[in-house]
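Enquirer: Listed here are the chains, written in short residue letters.
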Amino acid sequence: MIEVSDIYKSFGENEVLKGISAQFEPGKISLIIGGSGSGKSTLLKCMVGLHQPDSGKVIYDGTEFTRLSFEERIPIRKEIGMLFQNSALFDSMTVEQNIIFSLEMFTDMSKSEKIDRANFCLERVDLAGKNDLYPSELSGGMKKRVGIARAITMTPKYLFCDEPNSGLDPQTSILIDELIKDITEEFNTTTIVVTHDMNSVMGIGDYILFLYQGKKAWEGSNKEIAHTDIQELNDFVFASPFMKVVKKSL
Amino acid sequence: MFFTDFGKYLLLIKAVFKKPEKWRIYWKEIFLSMDNIGVGSLSLVAIISTFIGAVMTMQIAFQLVSDLIPSSIIGQINRDSSILELSPTITALVLAGKVGSSISSQIGSMRVSEQIDALEIMGINAPGYLILPKVIAGITMVPLLVIISIFLAIFGGLAGGALSGAVTPADYIMGITGDFNGYTVSVAMVKAFVFGFVITSISAYQGFYVRGGSLEVGQASTKSVVISCITILACDYIITALML
Chain B
1 MIEVSDIYKS
11 FGENEVLKGI
21 SAQFEPGKIS
31 LIIGGSGSGK
41 STLLKCMVGL
51 HQPDSGKVIY
61 DGTEFTRLSF
71 EERIPIRKEI
81 GMLFQNSALF
91 DSMTVEQNII
101 FSLEMFTDMS
111 KSEKIDRANF
121 CLERVDLAGK
131 NDLYPSELSG
141 GMKKRVGIAR
151 AITMTPKYLF
161 CDEPNSGLDP
171 QTSILIDELI
181 KDITEEFNTT
191 TIVVTHDMNS
201 VMGIGDYILF
211 LYQGKKAWEG
221 SNKEIAHTDI
231 QELNDFVFAS
241 PFMKVVKKSL
Chain W
1 MFFTDFGKYL
11 LLIKAVFKKP
21 EKWRIYWKEI
31 FLSMDNIGVG
41 SLSLVAIIST
51 FIGAVMTMQI
61 AFQLVSDLIP
71 SSIIGQINRD
81 SSILELSPTI
91 TALVLAGKVG
101 SSISSQIGSM
111 RVSEQIDALE
121 IMGINAPGYL
131 ILPKVIAGIT
141 MVPLLVIISI
151 FLAIFGGLAG
161 GALSGAVTPA
171 DYIMGITGDF
181 NGYTVSVAMV
191 KAFVFGFVIT
201 SISAYQGFYV
211 RGGSLEVGQA
221 STKSVVISCI
231 TILACDYIIT
241 ALML
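For the record, the sequence lines run as chains B and W. Count the first sequence with the numbering used here and you get residues 1 to 250, in order. Count the second sequence with the numbering used here and you get residues 1 to 244, in order.
Because the hints were derived from the structure by calculation, they are not lab data. A quick note: this is a predicted structure, and the numbers were derived from the prediction, not measured. All residues carry an ideal CB built from backbone N, CA and C; glycine is no exception. Among these hints, one or two may not hold up.
[To be verified] Per the computed footprint, the stretches of chain B lying under chain W, defined by three or more beta-carbons under 8 Å from a beta-carbon of chain W, are:
1. 47-59
2. 76-87
3. 99-112
All chains should be modelled from the sequences, with the hints used to inform the complete structure.
Expert: Below is the structure:
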């Protein structure tokens, strides 16, 4: 379980997070949603240690992550998998090298064991046989899937996804969502997804945290989200013409 | 501003020299960087050094128009100038442009595309993994390039002198072999070592802390070349003042 408690974060004069607290359960997909500039990605980066919060705590299964030094964080970081918005694959490495990179750094596995693991991860994301391609040879959706394969290489306990559907067509988005759902169930990971995508909200959101202007404005499940009377949340969720039609049918 | 940047630079250098996670991976990166910095810059350094040696010889000959001065002195001046100043400094300035901008833009692109964030989340010491191999390659390959540059500048002087008729090969060879002080080579090697560190660490620093997009990566690359060149010239003065 991951717990964030009273997180504050500012960049200069701009106060981005204003006392966010939440709990994220294992085996469930937790979505952080909100408009642009609401602090979603900043919260995610505070949770994984890319930003240091000005105050507040991030606790991984009882261990206060925010107090640890870089070296002390390494055991927890080995249990973290992250899918970045632009996949963040290493350009100079092939798909296979990207996937086995953390194994090479932190394990003493033999070459054949590492390749077997890479093949398993690639099969898991339906990209078997793409081992020798470079990131520049992949489509956006394939990059995301390689990103997921890289994230699950070390069998993570915690999986973070920063806008996994951005720039993808609706069908590929659904495939990515299903993949995240399957992996969460298979590995019992605590999965946290930052997204704008309403299909994801309705499809995979076991727990949803809505941020508005740096504050927690609402939390609940995807079954509850359509029936709230919070104006900001309704404005956000039902902004598109399609969602307005959906709302009328509810 | 200067002190903030300098403090950040020192903290980055401290992180660079932390114990590597796995030396085997680092060695691979070190050899790749050596190939990039050393072999990749060899032809450029060779062309520049040869021509500078040739031009130096002709200019020294032009200025020493006196029957009282033996023409062998042309070779001697060219040799000492090449060893002490021209080869280390010109090679370093050329490498600051070629290698420095490449390092800065490579690391900067990794920063803006979140590849450095990905390394950090994996628990890898990103400054160590990305910068240490380049610094080691810099402090080993720049001295080697400077040695090659010295030989080619002296050879260029021989060829330039002979072709232009400024000095005969016999006089030139007499000049470069007479009164040789080995200490000058030590000074050149100290300069090359320091310049190698300056070029790689400053450009890596500029790339590592880029914020924004491709425009900022380009700006960081330009800035790394400018700061490296100024630092090289300042270090050149300090080392010369201390050692000579």
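Enquirer: So, for every hint listed, does it hold in this structure?
Expert: Structure-based check of all given hints:
1. Look at the stretch 47-59 of chain B against chain W: 3 of its residues bring a Cβ nearer than 8 Å to a Cβ of that chain, three or more, so the hint holds.
2. Taking a C-beta to C-beta cut-off of 8 Å, the stretch 76-87 of chain B contributes 7 residues in contact with chain W, enough for the three needed, and the coverage statement holds.
3. With a threshold of 8 Å between beta carbons, the proposed coverage of the stretch 99-112 of chain B by chain W holds, since 5 of its residues qualify and at least three are required.
Comparing the model with each numbered hint stated earlier shows that all of them hold.
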